[in-house]
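Student: For the protein sequence lines, the chains are A and B, in the order given. According to this note's numbering, the first sequence is numbered sequentially starting from 1. According to this note's numbering, the second sequence is numbered sequentially starting from 1.
Don't take each hint at face value.
Stated by the list, open to error - Straight line, CA to CA, 30 Å or less: simulated DSSO-like cross-link-like pairs of lysine-lysine:
#	chain 1	residue 1	chain 2	residue 2
1	B	K89	A	K399
2	A	K399	B	K146
3	B	K225	A	K399
Hints in this document: simulated from the structure, not taken from any laboratory. No experiment lies behind these values; they were computed from the predicted model shown.
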Amino acid sequence: MKLTEVLRVAGEGIARNKLRALLTMLGVIIGVAAVIIMIAISAGTEATITENIQNLGTNLLFVSQSMGPQQAPSRTSGMNETILTYDDAQAIQSSISGISGVVVERDITELVKYGSTSVDSVSIIGTTPSYPEVRDVSLASGRFLTQNDIDKSAKVAVLGYTTAQTLFGNADPLGEKIVVGEVRVTVVGVMGKKGVVGNTDYDSRIYIPLTLVFEKFTFSPFARVQGDQVGTVLVQVTDLKNMNNVITQIQILLAKRHETTVANLPFTVRTQEDIITTQESTTAAFRELLAWVAAVSLVVGGIGIMNIMLVSVTERTREIGIRQATGATPGDVRGQFLTEALLLSLTGGLIGVIAGVGGAWLFERIGDMRTVVVPSSILLAFASAAIVGIFFGFYPANKAAQLDPIEALRHE
Amino acid sequence: MSDSTIIDLNQITKIYQMGDIKVTALDGVNLTVYEGEFLAIMGPSGSGKSTLMNILGCLDRPTNGTYLLAGEDVSRMNREQLARIRNQKIGFIFQSYNLLTQATAIQNVLMPVVYRRNGRISNQERLKMAHNALISVGLMDRDRHKPTEMSGGQQQRVAIARALINSPALILADEPTGNLDSHSGAEIMEILQNLHTQGRTIVMITHDAKNSAYAERTLHLNDGKIDEGMAAKDLPEMAMAGGAA
């Protein structure tokens, strides 16, 4: 039997029952579309994260408190031994070579008021003057914090783009006074648009001098414990090749200052790459989970195909008998039903690919979700559909091939 | 065995195992059919007619004995070999036509060509073959019709065209007029007789004495054995009795 004939006979078999064929394919369609959409969404998210982290600024090192048993400050061994402080940052700036900037961040959350408008839980960042250069953000108007502001703990603030919009609308916020917590500060600048990076919305923040946080926003009973504790020290490295050297220098410096060894250092020094890798491993785990969900739905789709093929074999027993009487060998019959199953699953796969790509597009347009259709996911989904068709089509096809022609001809 | 022997059955036995009981459907049948013969096999129900038909048609294998079809021993062939033999050497005509209801007359007629192994035949050639086969049964204008749009007599003629298309050595007809009124039945028998005069070898199983009258030779099957002494033309009332049983 020629291939074209095998296809024709199988196609006729399917065309005879179009609605049933469509319903049978539904499982595969949904499975394949799900694979493509899910992978597109996770790839889109991953791409956004990677881009954003790269947009944070280049050649950055992140020094922060380690998460672990050493995090809790020990009261007996002196306050500053395990806490990252502003002094540490200044020490890094003054004694490490090969760096072009150090920025310190300490974030708190406060209620912010202007006139009758108030916004709860605003992220307030206490920071230092080189923040815009190191973080690669720009000012929309006014100025950023200066060394003078830091030295004097000046009551000034720079608003994130969205914060300025929320509090002032279209009015010019420069020179206006806002209340952060219980402190009145003067707006001296507004940042340009930056967007959401990771989980942080840069535009809905307020920047104030780091020293102002130490003075006014550290809850007094802990003031002595927390003192000039900072969240993150960002170090900009001049030359990317020098990265590892700088990391080692910082680790040795911090170990010396905190009277410990590099191995026991309660701080981590990470590169952006480390952060991206962490993010990627998270999305990879997520993606793996999605792959399993998709695999299950494909298997369910395959069982649907097997089910309908078994019904089809029973229904068409007489046809099988007639074909056998006119010379169809067991192989011909098996081939016919296997081709039908494969045709069903591949057509389903094809519709699924179209639905998946279209669905990913819709998610982007309507769901405002970034999606990246990964070509290999299309291939993967399509190949799985084919494998499902062969695997679940084989049993019914074999059953048809094993029919006794006499019995089959007698079948009503 | 001469070259012109189409069927040579030698001591064919068929035993069915029904649970603990063995049922002997054919009990040492010997039969020779020569090329160009038109043979009718008659017998009451339970006589083993269907079993004989299935074995002659290579749909089933005998328990014992040998069956030479056009010189080839088919009694020990496997399912695949039997399918090839059916395709090349046998054309079936069934009581209930056994056409694919969703397929057109042409598609039905061409089915044995689809399963043919030897030689490629172009689509154009195929259509010509089908057309010729339909003409030979007097159905030249119904080729695009489906069986549901045809009368029983027309359907059976499509089935005959299908049986002819691969030019088989043997045409096997199983109660070809069983589902037809007497007029259509007579037409079908005339077609068969016509084929016979063209030199085709036909074996027909029937219980209708009117049909066996068209045949050259009639054999009677009883309890799985061929009644040697009886020839249908001599004993039409016996044939009637057999048919009524």
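Student: All the hints need checking, so say for each whether the structure fits it.
Tutor: Here is how each hint holds up against the structure:
1. Taking the CA atoms of K89 of chain B and K399 of chain A, the gap is near 27 Å; set against the 30 Å cutoff, the hint holds.
2. Between K399 of chain A and K146 of chain B the alpha-carbon distance is near 28 Å, which keeps this suggested pair within the 30 Å criterion.
3. Distance hint between K225 of chain B and K399 of chain A is unfulfilled; the C-alpha atoms sit about 35 Å from each other, more than 30 Å.
The structure shown violates just one earlier hint, number 3.
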